[in-house]
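Please model the complete structure; the sequences and the hints are all you need to start from.
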Amino acid sequence: MFSALAFQLPAPVNQPAVSEEEETYDAPATQPSTSTNVVLRQAAPPYGQRRGWKPTSQEDFGDGGAYPECPIAQYPIEMGKKKMSSGNTLALQTDKDGNVRYDAIAQQGQRDGKKVQSQFKDLVPLFYRKDLTEEEKEMARPSEEEVAETTEKTRLALEKITQGKIKTANPSTVPGASGKTQFIRYTPGQQNGGAMQQRIIKMTEVVEDPLEPPRFKHKKIPRGPPSPPPPVLRSPPRKATAQEQKEWMIPPSVSNWKNNKGFTIPLDKRLAADGRGLQDVTINDNFAKFSEALFVADRHAREEVRQRALMQQKLAQKEKEAKEENLRLLAQRAREERSGIAPRATGPSADSAAAMKNSLAAYDSDSDTEPSEDEEDEEAAKLRDQMRQEKRREREREMRMNNMGTEQRAKMLARQQNRDISEKIALGLAKPTMAKESMLDARLFNQESLSTTFGDEDSYGLYDKPLFHGSTAAAAIYKARGNITEGNEDSFGGGTEEGIGKALDNDRFGLGRAQVGFEGAADQEVRDGPVQFEKDTSDVFGVDKFLDEAKSGKKRGLDTEAGGARKRQQMDRASERE
Numbered sequence: 001m002f003s004a005l006a007f008q009l010p011a012p013v014n015q016p017a018v019s020e021e022e023e024t025y026d027a028p029a030t031q032p033s034t035s036t037n038v039v040l041r042q043a044a045p046p047y048g049q050r051r052g053w054k055p056t057s058q059e060d061f062g063d064g065g066a067y068p069e070c071p072i073a074q075y076p077i078e079m080g081k082k083k084m085s086s087g088n089t090l091a092l093q094t095d096k097d098g099n100v101r102y103d104a105i106a107q108q109g110q111r112d113g114k115k116v117q118s119q120f121k122d123l124v125p126l127f128y129r130k131d132l133t134e135e136e137k138e139m140a141r142p143s144e145e146e147v148a149e150t151t152e153k154t155r156l157a158l159e160k161i162t163q164g165k166i167k168t169a170n171p172s173t174v175p176g177a178s179g180k181t182q183f184i185r186y187t188p189g190q191q192n193g194g195a196m197q198q199r200i201i202k203m204t205e206v207v208e209d210p211l212e213p214p215r216f217k218h219k220k221i222p223r224g225p226p227s228p229p230p231p232v233l234r235s236p237p238r239k240a241t242a243q244e245q246k247e248w249m250i251p252p253s254v255s256n257w258k259n260n261k262g263f264t265i266p267l268d269k270r271l272a273a274d275g276r277g278l279q280d281v282t283i284n285d286n287f288a289k290f291s292e293a294l295f296v297a298d299r300h301a302r303e304e305v306r307q308r309a310l311m312q313q314k315l316a317q318k319e320k321e322a323k324e325e326n327l328r329l330l331a332q333r334a335r336e337e338r339s340g341i342a343p344r345a346t347g348p349s350a351d352s353a354a355a356m357k358n359s360l361a362a363y364d365s366d367s368d369t370e371p372s373e374d375e376e377d378e379e380a381a382k383l384r385d386q387m388r389q390e391k392r393r394e395r396e397r398e399m400r401m402n403n404m405g406t407e408q409r410a411k412m413l414a415r416q417q418n419r420d421i422s423e424k425i426a427l428g429l430a431k432p433t434m435a436k437e438s439m440l441d442a443r444l445f446n447q448e449s450l451s452t453t454f455g456d457e458d459s460y461g462l463y464d465k466p467l468f469h470g471s472t473a474a475a476a477i478y479k480a481r482g483n484i485t486e487g488n489e490d491s492f493g494g495g496t497e498e499g500i501g502k503a504l505d506n507d508r509f510g511l512g513r514a515q516v517g518f519e520g521a522a523d524q525e526v527r528d529g530p531v532q533f534e535k536d537t538s539d540v541f542g543v544d545k546f547l548d549e550a551k552s553g554k555k556r557g558l559d560t561e562a563g564g565a566r567k568r569q570q571m572d573r574a575s576e577r578e
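Each residue of the sequence shown is one higher than the one before, counting from 1 in my numbering.
Hints are computed from structural coordinates only; laboratory data are not their basis.
Each hint should be verified, as a subset may be incorrect.
[To be verified] Lysine to aspartate or glutamate pairs mimicking DMTMM-like chemistry, simulated, CA-CA at most 25 Å apart: (1) LYS137 / ASP122; (2) LYS115 / GLU146; (3) LYS96 / ASP112; (4) LYS54 / GLU78; (5) LYS121 / GLU138.
[Said to hold, decoys possible] Computed beta-carbon distance windows for the label pairs: (6) MET412 / ASN506: 34 to 44 Å; (7) LEU383 / GLU324: 14 to 24 Å; (8) GLN570 / PHE541: 32 to 42 Å; (9) SER227 / GLU146: 47 to 57 Å; (10) TRP248 / ALA288: 31 to 41 Å; (11) GLU324 / ARG392: 24 to 34 Å; (12) LYS115 / ALA91: 18 to 28 Å; (13) ALA157 / GLU212: 35 to 45 Å; (14) LYS115 / TRP248: 49 to 59 Å; (15) GLU324 / ALA288: 46 to 56 Å.
Glycine included, every Cβ here is placed at the ideal spot set by N, Cα and C.
Right under this line is the structure:
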């Protein structure tokens with residue numbers, strides 16, 4: 001009957017809550033058990049009929065292995081199954097009415113016997129509770145045994161706390177007054193016939209000074225790498241680009257009528273606040289059409305110019321061929337006349353006439369080709385004349401070189417070789433060379449560069465020293481450079497000061513001495529060098545004097561010294577009147 005009833009009843013939806021009292025309850029051994037435990041076991045279907053069947057428990061395997069025809073994960077006798085680690089996950093519990101006990105979350109992790117008020121009935125006073133009996137509502141005092149037990153638990157808990165505090169306060173490595181002593185029995189390995197076979201050795205550790213600095217330096221081990229970052233289900237942060245920052249930029253609100261703070265707002269910020277940059281700029285298609293039309297027109301014009309140039313080349317070629325034919329005929333006629341053969345008709349042949357006619361067919365009275373040909377002939381003639389003149393000069397120069405003596409020729413060659421590149425370029429004698437070394441002007445090698453401390457900040461001088469420093473340079477400059485060494489001593493008065501003075505006093509043209517000269521020139525001394533100018537140190541406009549008076553700080557700046565004597569003069573006049 002019980003088995004039939006078990007088959008008819010449905011399976012329970014929720015597991016009943018089992019209390020501790022029910023778990024610890026032991027049925028009396030004297031009472032015989034009238035109920036019979038019935039174990040229902042459903043056997044696995046036979047081989048070939050297991051389609052759609054799945055093993056759900058260990059009893060389905062029947063102390064055997066897995067079923068290969070069932071395509072699911074199978075773990076007979078828990079083989080290959082990962083063991084679940086103990087965690088803080090709570091099992092789902094229900095009360096006697098089948099409701100889920102959510103207060104188990106609040107009771108998790110609390111000590112045994114602690115009451116946690118996790119329900120609404122815990123807030124209701126005991127007098128109004130309906131689920132309690134009268135004995136539970138009375139709240140009787142605890143017995144002496146319960147009080148003693150609670151007191152002992154409290155004392156042990158407090159001692160545990162105090163002992164922990166005391167232990168942490170006391171140092172664990174306090175050296176004693178004397179070292180540890182240890183007695184060791186020593187038996188030597190080789191007796192050697194000695195009377196003393198064993199000895200007692202007392203070993204005492206050396207007492208260490210607690211204030212002694214450490215003898216060894218402990219090096220801290222570098223910290224190891226941290227744990228890898230956890231996987232994040234999002235893209236990592238990246239720096240915003242300039243375009244994104246520009247798109248996210250919100251222009252400040254700028255009013256066109258109010259500016260209470262008086263800020264100077266740039267024009268670009270005012271335009272940005274106006275919202276003009278947010279408008280889409282549309283370009284008219286006619287610009288592209290216009291550009292394309294210009295490109296097509298330019299290409300068409302270039303094609304016309306090319307065709308015209310080709311036509312002109314063809315006409316010029318035909319004209320050249322006609323001229324060559326005419327010249328050939330003239331040469332042939334001249335050869336015939338020279339050889340005594342009767343000349344042919346004076347007119348050109350039919351072929352030459354046709355060629356001339358075809359070449360000149362495109363030219364009429366309005367054509368401008370004849371003047372252009374005349375100009376080209378003139379330019380060619382000028383070019384030929386210039387080339388003839390250059391050839392003639394070269395031949396004359398070669399002839400002079402051949403006629404001059406050996407000494408003069410050597411001097412001339414040495415002079416040409418010693419010229420600087422700048423002089424050769426000026427004279428047209430420089431020739432291009434394939435050498436990698438660049439040619440430099442040797443006159444720049446003896447120039448001294450300016451130092452870093454050249455000149456003062458207040459000075460206006462552009463030169464650090466005179467151009468011709470010393471009397472020798474000035475005398476060499478102003479000395480007459482006649483052909484004195486070659487025997488012409490009469491030129492420039494022989495190069496001496498007396499000779500030059502006599503030459504200047506000599507009236508070559510009979511004009512006589514000038515009566516009127518430059519004013520003040522006669523009073524100047526005769527100089528033997530270049531003109532030297534003196535810096536004007538005088539205050540022309542009185543600026544320095546004005547600044548000195550301003551720096552002196554006189555209270556009455558307009559009163560001069562003469563003004564101070566005015567009062568004295570008035571007093572003198574008054575005394576004279578008296």
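How the hints compare with the structure:
| no. | hint | in the structure |
| --- | --- | --- |
| 1 | LYS137 / ASP122 | holds (13 Å) |
| 2 | LYS115 / GLU146 | holds (17 Å) |
| 3 | LYS96 / ASP112 | holds (22 Å) |
| 4 | LYS54 / GLU78 | holds (16 Å) |
| 5 | LYS121 / GLU138 | holds (17 Å) |
| 6 | MET412 / ASN506: 34 to 44 Å | holds (37 Å) |
| 7 | LEU383 / GLU324: 14 to 24 Å | holds (22 Å) |
| 8 | GLN570 / PHE541: 32 to 42 Å | holds (34 Å) |
| 9 | SER227 / GLU146: 47 to 57 Å | holds (50 Å) |
| 10 | TRP248 / ALA288: 31 to 41 Å | holds (33 Å) |
| 11 | GLU324 / ARG392: 24 to 34 Å | holds (31 Å) |
| 12 | LYS115 / ALA91: 18 to 28 Å | holds (21 Å) |
| 13 | ALA157 / GLU212: 35 to 45 Å | holds (42 Å) |
| 14 | LYS115 / TRP248: 49 to 59 Å | holds (58 Å) |
| 15 | GLU324 / ALA288: 46 to 56 Å | holds (54 Å) |
The structure agrees with every numbered hint stated previously.
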